Amino acid sequence: MAIDKETVDYVAHLARIDLKSEESDKLAGQLKDILGFIDKLANLDTKDIPPTSHILPINNILRQDTLKESLPIERTIENAPEKNGNFFVVPKIIE
Amino acid sequence: MDRTEKLNTLTANALLDKLNQREISCDNILSALNERISQVDPKVKAYVRTGTVPFKTTDDLALRGQSPLPLTGIPISIKDNICTEGNNTECCSKILEGFKPPYDATVISKLKKSGVHIFETKLNMDEFAFGSSTENSCFGATHNPWDLECVPGGSSGGSAAAVAADEAIWALGSDTGGSIRQPASFCGVVGLKPTYGRVSRYGLIAFASSLDQIGTLTKDVRDCALLMNIISGHDPYDSTSVDAPVPDYSQSLTGDIKGIKVGVPKEYFVKGMDAEVKTIVEEAIKKLETLGVRQSQVSLPHTEYAVPVYYILATAEASSNLARFDGVQYGLRKKSGGDNAMIGMYKKTRGEGFGEETKRRILLGTFALSHGYYDAYYLRALKVRTLIKQDFDRVFADFDCIVTPTSPTPAFKIGERAQDPLSMYLSDIYTISVNLAGIPAISIPCGFTKKGLPVGLQILARPFSEEAILRVAHAYEQATEWHKMRPNL
Amino acid sequence: MKYETVIGLEVHVQLKTNTKAFCGCSTEFGKEPNTQVCPVCLGFPGSLPVLNSLALEYAIRVGLALNCQVQEFTKFDRKHYYYPDLPKNYQISQYDLPISKDGFLDIELEGKAKRIRIKRVHLEEDAGKLIHEKNTSLVDYNRAGMPLLEIVSEPDISSPQEAYEYLTALKSIVQYLGVSDCDMEKGSLRCDANISLREKGTTALGVKAELKNLNSFKAVKDALAFEAGRQEAVLNEGDKVIQETLLWNEQKSETFSMRSKEEAKDYRYFPEPDLPPFLISAQKIEEARSEIPELPAQKKERFVKEYGLSLYDANILVADKKNADYAEERLKAWGTEDKKPVANWLIGPLAAIAGNNNIQISQVRIPVEDFLELIDLVENKQAISNLSGKTVLAEMFSTHKKPAIIIQEKNLAQISDASSLGGIIEAVINENERSAKDYRSGKENALMFLVGQVMKKSRGKANPKVVQELLKEKLSK
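Keeping their order, the protein sequence lines are chains A, B and C.
Each step along the first sequence adds one to the number in my numbering, with nothing skipped, and position 3 is 3.
Each step along the second sequence adds one to the number in my numbering, with nothing skipped, and position 189 is 1189.
Each step along the third sequence adds one to the number in my numbering, with nothing skipped, and position 258 is 2258.
Hints were generated in silico from the structure; no laboratory data involved.
Hints should not be assumed to be uniformly reliable.
What the hints assert, rightly or not - Below, simulated DSSO-like cross-link-like pairs (lysine-lysine); rule was C-alpha separation at most 30 Å, straight line: (1) 1094(B) / 5(A); (2) 20(A) / 1383(B); (3) 32(A) / 1389(B); (4) 47(A) / 1383(B); (5) 2437(C) / 2410(C); (6) 1413(B) / 26(A).
Said to hold, decoys possible - A partial selection of chain A residues facing chain C, derived with a Cβ cut-off under 8 Å: (7) 35; (8) 37; (9) 43; (10) 44; (11) 66; (12) 68; (13) 77; (14) 91.
Please read all numbers here as calculations on a predicted model, not as lab measurements.
We treat Cβ as the ideally placed atom computed from N, Cα and C, and that holds for glycine.
Given these sequences and hints, build the entire structure.
See the structure below:
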């Protein structure tokens, strides 16, 4: 799989990362090398192999519907770069 | 250097003896550590933000005699990606600048409950644990105490270097593809990555959720067992932590390893590996044989696929886990003009907040999950993961442990691989499969190169068989002196 | 119209658990902003989700009630998109293995039954809320992490009215299960609609528009009607409908395109590594099934069979579970075999009182025994007329007095004895000679006119049946 600058820019947009033009050039080259290396996976026949998403053979991990204390408001917004009363503030959203 | 004089050079077990004998106070330990840190950390740079957060003295510590807790007075140092309430936890990333978690990671709560004193100042790491050299830190690189021009390994390079340089009694790290074992090997200390699910991940800032595990960096195997006793166990806040009884790991250090069957995978001794490392590890395996283990060659045929599988799965999960760093609730925020100020803020914050390697991995992971590529990359990688797991299942049907080198080379020079991501990725070649298979593995010191750099021996076992690993590691350690060697700083 | 409308609905129902889907924070509505949050629902670094067992239980029940196949193996996936109300910038949802799928819901339209297929029912977490100020937006994460069920229909709905009926029926079932309030005003039920047109007789789906911001069932219906019209006009012009997301403007009664440029969706789903999968055993499914109460369709049938109600009346009573329970309590307590009078009084006068006061039937606070006593006085004892009965009922609702007392106070007792009525009847016959004559010559209608006149003269108190008998007797002489 060849990865070009355009793909890098599309993926960077999906991931919400600003890239300078020279950055995307450089990354396109590096990602191309890495993907070239990764492409060796295509040599394996994996048709009938089940995927492993969870390495542990466990399931049905649940908790009871029991209330736990929430955070005090000071702790919740302590780290906020911008706040207004109890709220986190972000730039105006346009729908 | 006379190690018995300096408390900072002792193991936690040795310090506990002295505390219990009332030979020393908690304060003595912290003073010794503080002195050592001020002496050597300017060279090693294992700790971060040392300028802003003073090292706490013991004023707030209850005198050990009055405390009912078993480990009161023993300090521990923590990697910068494990949350401690109210203390900066930044994953050595600009994007988490100033972040103070409102809660303790489960391992931290457990340590506190045992009386362990948590060092507020944290240990350096590759940003978000992305790296094998601790060069990718927004605070700059950590230096290998054995050769300051070399890397300490990574990503838990700060943890390994601090323990090796006696700037920490012991430390917590995290291991996603070798991030505890490889730096342990490079720095000549003991590093254990537990079975996936053995130690709670709650409060570990996630890199790759299906591979991450918190583990230990210690001066010897006995300390490793003691620390594992504290941090292991089921956590109702982590759906992937396993509800299985935790043995007393210290009890497994019997010294008797006669008849234990050890496999040596042929795929791990191939061209490209450092000749000295090869010889040293082969010597170590012979030593194990003299101690009574029965070793034979085994095969893990899918080994060569581990690195590509890892770099798909780990980056894909990372791209998802790191999506939350967006400047809304915490950390860095960079505003931007433009017709959509919100999207602008996301992009600028993340563009400026993430380092180069982080961006590279996020983009690779995003690409692997993006429309049209999922099946070819992510799904295929999950399937090959199955094959790698099956390789281990087959070997462990007949063998108790597997031994391998921890890394194909000793510590390399700072800057040497920084511009070649692929060569950096390949330095994890011996450690990655363990995370993919979810099994436990340790790295213990097993010799030094002619230049005086440590080499590590890796011991692997079945899931939840940390006891077998510790028993073998401990027996080897008892029969050798490598773990007692300390760098001249 | 040469086109037919194709509609599919995506309904989000907020589950009424005590705590959120993946953490122990309260789900209570209307609390101070950002006070019902914790590291997990804020998506703080290092936090991990653990599924609420009751949310899973509720999801299974809804799946069963909608005739779905509950899956033996289900898992969660991460759905990625950046939005400030989404703390982790991914939503824990379900992609390829939802909890249940392939169900159906039967609705009734003008007396005809129609089956709408349900594609899937899956569990996911809700996002927070944004409040838009002049220059900024404010974020409140209290709602983030609340358990949501997404119920997706197949595009089997062919008109805005059908969509309305589907929503009504769905809401009714979910309320019966007791798993959600389904209150659109509080956002515990939300609906998005996909609508497209195609030429009648064809089967391929046309280009669809997605409608959002539908804040009531009426809005769904109105927006769909508007959009069907708009798309028809576009097609008639020879233009093409473009695939887009449209918002409904309730004030202007029109749809408009979202201002933000919409991009191709690339959600990058992958299995949630923090949540091991869930296996739902046959036993678990049977347990869930046993927790399902009688649902509206079954209750309706039973009301018709047990209480002799008309299908129409039963339909009205069962739509809301509380109304149905209220009605059934009264129908059961009625001592005689024939329950029709009670049903009539519930659906007629009682429902009218509820309507006039903008409340549900179940909220009309009149004790069972008082209500039945009134019906007994009117229907069996004929102590008061039907008309007076309605007055008494209204009075019972507003003053909480017993019917007998109201009848006495208002002097509403019905006059049934011949001697008291004789004078009035005599007078009416004298005043309406023509009608009397008509009746005698065989015009039956004339009798009802005369009864009416007697009722009028008695100010409604005369017993119409007795009056009729007396008139017949008098006129036949």
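Fill in: Hints that the structure is at odds with (numbers, increasing)
Those not satisfied are hints 2, 5, 7, 8, 9, 10.
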